[in-house]
Structure formats: structure tokens, C-alpha cells
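Undergrad: If you want the building blocks of each chain, they are given just below.
Number of protein chains: 2
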Amino acid sequence: MHRLDRSLIAGLPAFQGLDDSSLDAILQSASSLRVTKDQAIFDQDSDAHSFFVLLDGRVQVVKSTPDGQQVVVRYIVPGELLGIAQALGRTTYPASAIAVVDCVVLAWPGKLWPEFATAYPSFGMNTYRTVGSRLSDIQAQVVEMATEQVEQRVAHCLLRLIKQSGKQTNDGITIDFPISRQDIAEMTGTTLHTVSRLLTGWEEKGLVKSGRQQVTVVEPSRLSVLAEGTARDNI
Amino acid sequence: MHRLDRSLIAGLPAFQGLDDSSLDAILQSASSLRVTKDQAIFDQDSDAHSFFVLLDGRVQVVKSTPDGQQVVVRYIVPGELLGIAQALGRTTYPASAIAVVDCVVLAWPGKLWPEFATAYPSFGMNTYRTVGSRLSDIQAQVVEMATEQVEQRVAHCLLRLIKQSGKQTNDGITIDFPISRQDIAEMTGTTLHTVSRLLTGWEEKGLVKSGRQQVTVVEPSRLSVLAEGTARDNI
DNA sequence: CTGCTACTTTGAGCAAACGCAAAGAGAATC
DNA sequence: GATTCTCTTTGCGTTTGCTCAAAGTAGCAG
Numbered sequence: 119m120h121r122l123d124r125s126l127i128a129g130l131p132a133f134q135g136l137d138d139s140s141l142d143a144i145l146q147s148a149s150s151l152r153v154t155k156d157q158a159i160f161d162q163d164s165d166a167h168s169f170f171v172l173l174d175g176r177v178q179v180v181k182s183t184p185d186g187q188q189v190v191v192r193y194i195v196p197g198e199l200l201g202i203a204q205a206l207g208r209t210t211y212p213a214s215a216i217a218v219v220d221c222v223v224l225a226w227p228g229k230l231w232p233e234f235a236t237a238y239p240s241f242g243m244n245t246y247r248t249v250g251s252r253l254s255d256i257q258a259q260v261v262e263m264a265t266e267q268v269e270q271r272v273a274h275c276l277l278r279l280i281k282q283s284g285k286q287t288n289d290g291i292t293i294d295f296p297i298s299r300q301d302i303a304e305m306t307g308t309t310l311h312t313v314s315r316l317l318t319g320w321e322e323k324g325l326v327k328s329g330r331q332q333v334t335v336v337e338p339s340r341l342s343v344l345a346e347g348t349a350r351d352n353i
Numbered sequence: 119m120h121r122l123d124r125s126l127i128a129g130l131p132a133f134q135g136l137d138d139s140s141l142d143a144i145l146q147s148a149s150s151l152r153v154t155k156d157q158a159i160f161d162q163d164s165d166a167h168s169f170f171v172l173l174d175g176r177v178q179v180v181k182s183t184p185d186g187q188q189v190v191v192r193y194i195v196p197g198e199l200l201g202i203a204q205a206l207g208r209t210t211y212p213a214s215a216i217a218v219v220d221c222v223v224l225a226w227p228g229k230l231w232p233e234f235a236t237a238y239p240s241f242g243m244n245t246y247r248t249v250g251s252r253l254s255d256i257q258a259q260v261v262e263m264a265t266e267q268v269e270q271r272v273a274h275c276l277l278r279l280i281k282q283s284g285k286q287t288n289d290g291i292t293i294d295f296p297i298s299r300q301d302i303a304e305m306t307g308t309t310l311h312t313v314s315r316l317l318t319g320w321e322e323k324g325l326v327k328s329g330r331q332q333v334t335v336v337e338p339s340r341l342s343v344l345a346e347g348t349a350r351d352n353i
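From first to last, the protein sequence lines are chains A and B. For reference, each letter of the first sequence is one residue, going 119 to 353 in my numbering. For reference, each letter of the second sequence is one residue, going 119 to 353 in my numbering.
Read the hints as simulated data drawn from the structure, not as lab findings. In this text, all values refer to a predicted model and were calculated from it rather than measured experimentally. Honestly, I wouldn't trust all of these hints.
Any copy will do: because identical chains look the same in the list, a pair fits if it lies in one copy or spans two.
What the hints assert, rightly or not - Result set (SDA-like, lysine to any residue): computed pairs, CA atoms no more than 25 Å apart in a straight line:
#, residue 1, residue 2
1, Lys229, Gly135
2, Lys281, Arg208
3, Lys281, Asp185
4, Lys229, Asp255
5, Lys323, Thr154
6, Lys229, Pro131
7, Lys285, Asp161
8, Lys327, Val195
Whole structure, please, built from the sequences with the hints as guidance.
TA: Following this line, the structure appears as C-alpha cells:
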């Protein structure tokens, strides 16, 4: 097995404030693995044996309901932690993680979590900061789901995606991983049909360009306008 | 100013695993305050000067949108932490907290947070566990909002409320603080009209009894059935 | 007791979005 | 190059739940 270089993780938020020897020690117990597209990194409700850092690729975090419906909780970009059930005092994963493109991840045995958190206080702080910001994110999402209607939610969703994973192209900003109407529907609590209708409508207005598993936002600012109140603002 | 007795907080989850001298030290810097019904403990977006533990009463946590809509995030019961913006690395409160009955809270200056977390590791662990469980709760809520329809959501909401704040009475289990149709609507992302219609419907079936700012669940088990799939389960 | 305020109920019409169904288009496989 | 599979589009009927409006009711203040 080849040694992992410290530079892999040195710049990441989770490892901020750690000195070189700590980083090396942490990497000692890490194993790197490749995950091919559509493969699961971990499954909901299974034993939380490991926690991970995504080094390259994109990962979809999905929660399934008992009756088989799915909700896409978030997408993970390189540098982020995932599967940190241990940090929340859980023993099973609350969701599944699927590679949406070929990925590279580092994995640590879950039982090392408490050791790391005490041995490297900054690491503990950093991860809890992550958890905190995810809590904020998801609270915002609840507010959105409670107060906005579908069109606004989908618009917000696209804006968030291009902010997180946008790549500038000739036409505008593209979401740089394959994402279907169904995926967007599962992020926003609607159906793929409604998403499809919205996208074609927006395409006619020149707001977006979209195709199979692919969305480009042509005019982010006009989409933002849609994302805020469309009607009702005429006071 | 009278001294605060250690027994006030000794049993609480947040202070589990702390020895008596630590508890005393922590209480040294606490101040207790009474909050009368309908008064705010802190306001959304204001400087997060303090964090709190609720000793007695009930507190409603509300998030407001820029256009004035409100979403009730959760209710806090005695023993729980609130206003822990610091733990999430935030400097302002992400929501407002309103006393729904007369309350007693302990308050600490926010800047003590990091000191406590490092000086009393169990305290840090405990609070992060709290944050973790709130993350789980709210993720479940997102899934609910995305996949269930209003009737199920309201049923789930009532079940959660009686679990957290239920008091056994002759008629059934009552939510032991004043809660309006509007409040329930703001928890479930619907309107007070729809909640009212649902409750009267359920009352006719003998599932609940309700009145002004008051709801009693007569048959929790039948309500649970409603909360899961009503139709569509006939496979 | 009376009037006021806040909360609740109920009706009627309407719009948003879903469910169902079928056809069309892109990509991958053989 | 034909076939298959998956993803997407689009039409239509239906439903859910919202909006608007108005009346009813309980508690509170004077």
C-alpha cells in the first residue's frame, strides 16, 4: 500500500489548524478508495463502520422512507466530510451516499472518531462547525418548504447547486455533474413532471438550458428574481 | 443575588458527567431570569450574547422569512438548551425564542461557550450530541414535508407534541401549553384554515378533542394510523 | 354587563400541482 | 445499425389545499 501524502487533506476545512505531524498521524489510519459512478459509499441504517472525506467527485446523500420514497438531502463536494454519524452519537447511517460520478474518498474506522476529537481538538471543533452549518442549511430548507411554492423551491435549488457545483461555460453556469429531473424533484419535494414543465418554461424565457441529466443556468439573476416572490410582491 | 443550587442543573442531559465542583463553577457565571408569557428570550438575527437552559415553562422557536411569514421550528421543554448559536460558530441567533407560558431560564454569556467546552469536555460532548439529535429531527422533518401531505403532517405533528409535552387527562393526552391552529399551521407548512378543518374532522371521528388554543388527542393509535399512509396502503 | 379582541369555524371558488398515460429523444449495448 | 433502456416531454383530468369572505365564540377589559 502506498503512503498517502499530507497535502491531500492539509487544505481542507476539517483539518484546519492541525500541524503536520498530526496530519501524518491521522493519515496513518486512513485508507483511500475509489468508488465508481452509481456505487454506494454507505447505506442508510447500516452500521456506521467508517467516516469519510471526499477527495474527488460528487456524492449524493439520499434518505429513503419506509414506503420507498426518496429525498435527496444534499450533494457533497470534494473536501467535505461525509458519514459522520459518530459525531452525532449515532451508530447507523441516517442516509445513503451514492457516487454520482467516479469518486475518490478517504475512509477512517468509525471507532477512531472519539480518539481524533480528543487528541486533535481543532479537528473536533472543525467538524462540529460543519455539523452546525449543515443544521443551518437544513433549517433554511424547512423554512423554504413550508413557505414557498414549487417554482420558487426549484429555482432556489438550482441556484444553490450552481453556487456549490457550478462551472462557467459559453452558455452560462452548468451544474457539473449529471442530475436528472427526478433528482431535482427529490430535492424539492415535487414530481419529475413538474420539474420538467418548469425547466421547459424557463428555457423558453431564456433563463436556463437543459438536457438529459444536465442543467445550465443562463441568467442566474433573473432566476433569483423568480426564486423570491413572483406574485404578491406588487404591494 | 441568591446563589443558584447545583440541583437545578445536575440531572440535565447537557450537564451529564460533570462533577459537583464543575457544576458549581458553571453556575457561578449563570444568571437566572423569569420570562413572562409571550415575551421574547432572544430575537432572530440579533447578536447572540447568551445561551440558555430552560428550567421551567415552554418556549417556541420561530424563524421568520424576509417577507414576514413565520415557521415554528420547535418547542423547547425544561432541561433543554436553547440559543446555542455559539456552538454552531454563529454570532447571531438564527431564530427567535418566545415564552409560550411563564418561564424560568438560566443564561450564560455567549463568550463563555468556548471556555466551557474546553474546560469541561463532557459538556462539549453533551451539547454536540444535542446538536446532532436536532439535526436528525429536522432531517426527518424535511423528509416529511417532502413526501407527506398535509393531513399526515399535521397528524405527525400532534403525535410529536403529545410525546414531548403530553399530559394525561380524563379525555386523553393534552398538549400542556396553549397552542393555536395558526401555530400548528406554522409547524406543518399549511394554513390555519386547513388545520381547523382537519381538527373538526378528527373530532367528529372521536380522534381528538380541541378548543381554543388547546388540543387533546383521544386516540393516539388511530391518529398514528392516519399519520402513516391513509390511502395507497391498500396493496 | 357590554363591548372588544383574538381565535376558530365554515362556505365557495379557484389555482397549483399531482397522477396517469403515452409518445419522443439520447445514450448505451450488442 | 438496430435495439433496448432510461430519461424527458406533454396532454388531460382530478385533487388537494389555498384564498377570500363572513360569521360564530370564548375570554378579557373596562
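Undergrad: Is it within a copy, between copies, both, or neither that the alpha carbon of Lys281 lies no farther than 25 Å from that of Asp185?
TA: Classified as between; 23 Å across copies, 33 Å inside a copy.
Undergrad: Can you give me the call for Lys229 and Pro131, within, between, both or neither, at a CA distance of at most 25 Å?
TA: both (21 Å within a copy, 23 Å between copies)
Undergrad: Given identical chains, is Lys229 near Asp255, meaning Cα to Cα at most 25 Å, within a copy, between copies, both, or neither?
TA: between (27 Å within a copy, 24 Å between copies)
Undergrad: When no copy is named, should Lys281 and Arg208 be tagged within, between, both, or neither for a Cα gap of at most 25 Å?
TA: For Lys281 and Arg208, only the inter-copy Cα distance (21 Å) is at most 25 Å; the intra-copy one is 30 Å.
Undergrad: With identical chains treated as interchangeable, where does the CA-CA distance between Lys285 and Asp161 reach 25 Å or less: within a copy, between copies, both, or neither?
TA: Neither: 29 Å inside a chain and 38 Å across chains, both beyond 25 Å.
Undergrad: Between the shortest in-copy and the shortest cross-copy C-alpha distance, which are at most 25 Å for Lys229 and Gly135: within, between, both, or neither?
TA: Both: 22 Å inside a copy, 21 Å across copies.
Undergrad: Evaluate Lys327 and Val195 at a C-alpha cut-off of 25 Å and name the case that applies: within, between, both or neither.
TA: within (23 Å within a copy, 49 Å between copies)
Undergrad: Under a CA distance limit of 25 Å, which applies to Lys323 and Thr154: within one copy, between copies, both, or neither?
TA: neither (37 Å within a copy, 53 Å between copies)
Hint compliance for this structure: hints 5 and 7 are broken, all remaining hints hold.
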